[in-house]
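K.L.:
Since the structure of chain A is provided, determine the placement of chain B on it from the hints.
Residue-level listing of the chains:
Protein chains: 2
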Amino acid sequence: MIIQREIQKLVISTPSKIVFLIMDGLGGIPHPELKKTELEAAHTPNLDGLASKSTLGLSNPISPGITPGSGAAHLSLFGYNPFEFRTGRGILEAMGIEAPVLPSDVVARGNFATVGDSGVILDRRAGRIPTSKCAELCHLLESIDLDGPRISVLPVRDHRFVLLLRGENLSPELSDSDPGRVGEFPLKVVPLSSKAEKASAYVDQFIVESGKLLKRRDGANAILLRGFSSLPSLPSFAELYKLKAVAIATYPMYRGLSRLLGMEVEEKVSSIEEEFSTLEECFPRYDFFFLHIKETDSAGEDGDFERKVKVIEKVDDCLPQLLNQKPDVLVVTGDHSTPAMLCGHSWHPVPFLLYSPSCRPDNIAQFSESACARGSLGTISALDTMPLALAHALKLSRFGA
Amino acid sequence: MIIQREIQKLVISTPSKIVFLIMDGLGGIPHPELKKTELEAAHTPNLDGLASKSTLGLSNPISPGITPGSGAAHLSLFGYNPFEFRTGRGILEAMGIEAPVLPSDVVARGNFATVGDSGVILDRRAGRIPTSKCAELCHLLESIDLDGPRISVLPVRDHRFVLLLRGENLSPELSDSDPGRVGEFPLKVVPLSSKAEKASAYVDQFIVESGKLLKRRDGANAILLRGFSSLPSLPSFAELYKLKAVAIATYPMYRGLSRLLGMEVEEKVSSIEEEFSTLEECFPRYDFFFLHIKETDSAGEDGDFERKVKVIEKVDDCLPQLLNQKPDVLVVTGDHSTPAMLCGHSWHPVPFLLYSPSCRPDNIAQFSESACARGSLGTISALDTMPLALAHALKLSRFGA
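Protein chains in written order, with the working numbering: chain A, 37 to 437; chain B, 37 to 437.
Next comes chain A alone, as it looks inside the complex (with noise of 0.2 Å):
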């Protein structure tokens, strides 16, 4: 991590406001007939507009070809090298429903999920519970006893849930039991090393137990657990940038995540409308804005082309109420593509424009992957995203000599 450490020292406070406008899985693949990608579809003016005065690029997540989480790729785009910080599933979930963690938990991400009579996997969603149905079958698993570790079954949304064990020496180094798929079993829980060998029974116990609890259930009756993980130790925002920084999102990871990293999080946030809303609002307070816009991704991986163009349009709709707060910085980019055709996360660079006063505009009045591509900024690793955005705001001082 030498230039974050680097870019540390260099960091001074200034009143100036930098935001990142992450559009979750924003990149895309052209559709076959289209031969557009989403945002190339998409009715964009603002953000066309924007681009004009902008400066333009593509971003590689990770590496070329890497293939991110979305927990790995925010990392990336704030600056912590996802090859050095490795944050499980697990804490992401259980950070994102502000669940007390303790450095010696061990957090693992659970979902409800229906298996047939062999025990296959049918939906690894269990058809998307309600959360209240998803709540009680947690106060349900709760009522398990270990004889040893003290368990917490608490429900995130929908089917998802955060199981925390609490207890003397216990290690998260666990594998899944969610293969990633239906059609399957799921999987035995191993231990990676032989100090999480006690974890292992505790959670191969719990998965039988709960076996028992949900067997006559309709829908819901097995549990996948994945991402086992334990607080992990990251450096803040304000110690590594001195940012006062605020996360403004709807879904809890990316709450948890920006947790991690020390933002506030703002609360009550359900939609696209109220996220642009909350930043007017929150504005004066904070000189670091993470305003995270889930919908791409999810529309992405549904394979719903048409949804995606669609939030793509929603979020240029709500642009002006942003530029009017005037921000010093502004970044438009996503964590990673998500195109439709894929169905899925890929490795796809990331149309990116950073926006700034201080910025040397390509004059390319259009935000899209073939726009972008065109950009000055050239392809660049979001690593470099921070650093970018530091000295366009202008709060980076000169290196060395």
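The hints are simulated quantities; they were obtained by calculation from the structure and are not laboratory data.
Honestly, I wouldn't trust all of these hints.
No copy is singled out in the list; a pair is fine if it fits within one copy or between any two copies.
[Claimed, not checked] Mimicking DMTMM-like on lysine to aspartate or glutamate, the simulated pairs with C-alpha atoms at most 25 Å apart in a straight line are:
| hint | residue 1 | residue 2 |
| --- | --- | --- |
| 1 | Lys71 | Asp84 |
| 2 | Lys71 | Glu178 |
| 3 | Lys72 | Asp84 |
| 4 | Lys362 | Glu69 |
| 5 | Lys72 | Asp398 |
| 6 | Lys45 | Glu209 |
| 7 | Lys53 | Glu275 |
| 8 | Lys45 | Glu337 |
| 9 | Lys89 | Glu342 |
| 10 | Lys251 | Asp153 |
| 11 | Lys45 | Glu120 |
| 12 | Lys231 | Glu42 |
| 13 | Lys231 | Glu120 |
| 14 | Lys89 | Asp398 |
| 15 | Lys53 | Asp153 |
| 16 | Lys350 | Asp338 |
P.N.:
Relative to the frame of chain A, chain B by itself:
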């Protein structure tokens, strides 16, 4: 420094000649009314003609977003990773005036400054006193007896001097006394490691005694010290690249840096025209030429857009004289950007042109930020400059089997 050491193994000695024409602070950002940078506003038929036969790109001096000092930026251009090789401002100034520095000496860059009755800094340059006045004051300060190390106070130019401490067990790990801005008090010099405590005490004593000697003077009544450093150990151009190199520079610091890299330095050069004549005169005697133009940076730092345009046009006028020498490789670039709009160094990538009979021309008949952004080199690191120049000069043998 992996790449540099690999390059060293591949270098072969040939008669071909490489010229680096470095316009300090060349890059800019657009003037808000003209919508053009300094380089874009300048009338540069010769550079544009050269560009049409050249490979173009943009160059990041250090890393995206990082604004370098001139020393660090030049090290990078010459292939020395500035994160590995750090040269303090003091030693660069001392080399520039050919001060006879020993490896055990500690040197600092000094300013004569003006402070008010309270001690607050009113002018960090004491109204840019003439060099003759500076020499007189240096002579006065040399009368200070530190009861330990021998001190030399050596005039540089205008208000600038070099303090040299010669003694035993002196470490340069000292903080600056110069806070870098007016309206503040000079800072106390503190040791940054325990082995620098001795040097710190001597410097404190020197500052106190200087204050007494200068007290009654109008204008220059205080000193500010920064960049405490010693002779660094840098592998030479001859050792690394098998090049017999010469520097042609009007400004002491660049001559100093060149000496640290084992370059010869041409004496008695005081204008842009003289620099080009000197290149012509010494062309038969060397195979690497570092021609440094300071005035682009000075104009940028002064926020004088028009003057920077004029300096670029003057360089363009002189270019045919250089082209007549028929160098095998000609690189035209800057060490960093100094946009007149920002009145200082910046992080923006720098226009980069490489001409050689072996280059792959981009057929873009313009040398500017926007033209270079379309060049086939893309955005490179300044550290790539030496390998590219050596390669096009056919001075690098094949790597690997």
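K.L.:
Run every hint past the structure and note whether it holds.
P.N.:
We went through each hint and held it up to the structure:
In the homo-oligomer, the alpha carbons of lysine 71 and aspartate 84 lie at most 25 Å apart both inside one protomer (19 Å) and across protomers (19 Å), since each shortest distance falls under that limit. Taking identical chains as interchangeable, the C-alpha atoms of lysine 71 and glutamate 178 are never at most 25 Å apart, the minima being 52 Å within one chain and 65 Å between chains. In this assembly of identical chains, lysine 72 and aspartate 84 lie within 25 Å of each other by CA distance both inside one copy and across copies; the values are 16 Å within and 21 Å between. In the homo-oligomer, the alpha carbons of lysine 362 and glutamate 69 lie at most 25 Å apart only across protomers (20 Å), although the nearest pairing inside one protomer, at 39 Å, exceeds that limit.
For the identical chains of this complex, lysine 72 and aspartate 398 are neighbours both inside a copy (22 Å) and across copies (11 Å), given an alpha-carbon limit of 25 Å. Taking the shortest alpha-carbon separations for lysine 45 and glutamate 209, only the inter-copy value of 16 Å comes in at or below 25 Å, while the best intra-copy value is 34 Å. Only within a single protomer do lysine 53 and glutamate 275 lie at most 25 Å apart by alpha-carbon distance; the minimum there is 17 Å, versus 48 Å between protomers. For the homomeric pair lysine 45 and glutamate 337, the shortest alpha-carbon distance between copies (23 Å) is at most 25 Å, but the shortest distance inside one copy (40 Å) is not.
In the homo-oligomer, the alpha carbons of lysine 89 and glutamate 342 lie at most 25 Å apart only across protomers (23 Å), although the nearest pairing inside one protomer, at 28 Å, exceeds that limit. In this assembly of identical chains, the alpha carbons of lysine 251 and aspartate 153 lie at most 25 Å apart only when taken from the same copy (10 Å versus 86 Å across copies). Taking the closest pair of Cα atoms, lysine 45 and glutamate 120 come within 25 Å of each other both inside a single copy (19 Å) and across two copies (16 Å). Taking the closest pair of Cα atoms, lysine 231 and glutamate 42 come within 25 Å of each other only across two copies (24 Å); inside a single copy the shortest separation is 35 Å, beyond that limit.
Taking the closest pair of Cα atoms, lysine 231 and glutamate 120 come within 25 Å of each other only inside a single copy of the chain (21 Å); across copies the shortest separation is 33 Å, beyond that limit. Proximity of lysine 89 to aspartate 398 under the C-alpha cut-off of 25 Å is found in both arrangements, the shortest distances being 7 Å within a copy and 24 Å between copies. Taking the closest pair of Cα atoms, lysine 53 and aspartate 153 never come within 25 Å of each other, the shortest separation being 57 Å inside a single copy and 38 Å across copies. Taking the closest pair of Cα atoms, lysine 350 and aspartate 338 come within 25 Å of each other only inside a single copy of the chain (18 Å); across copies the shortest separation is 45 Å, beyond that limit.
When each numbered hint is compared with the structure, violations occur for hints 2 and 15.
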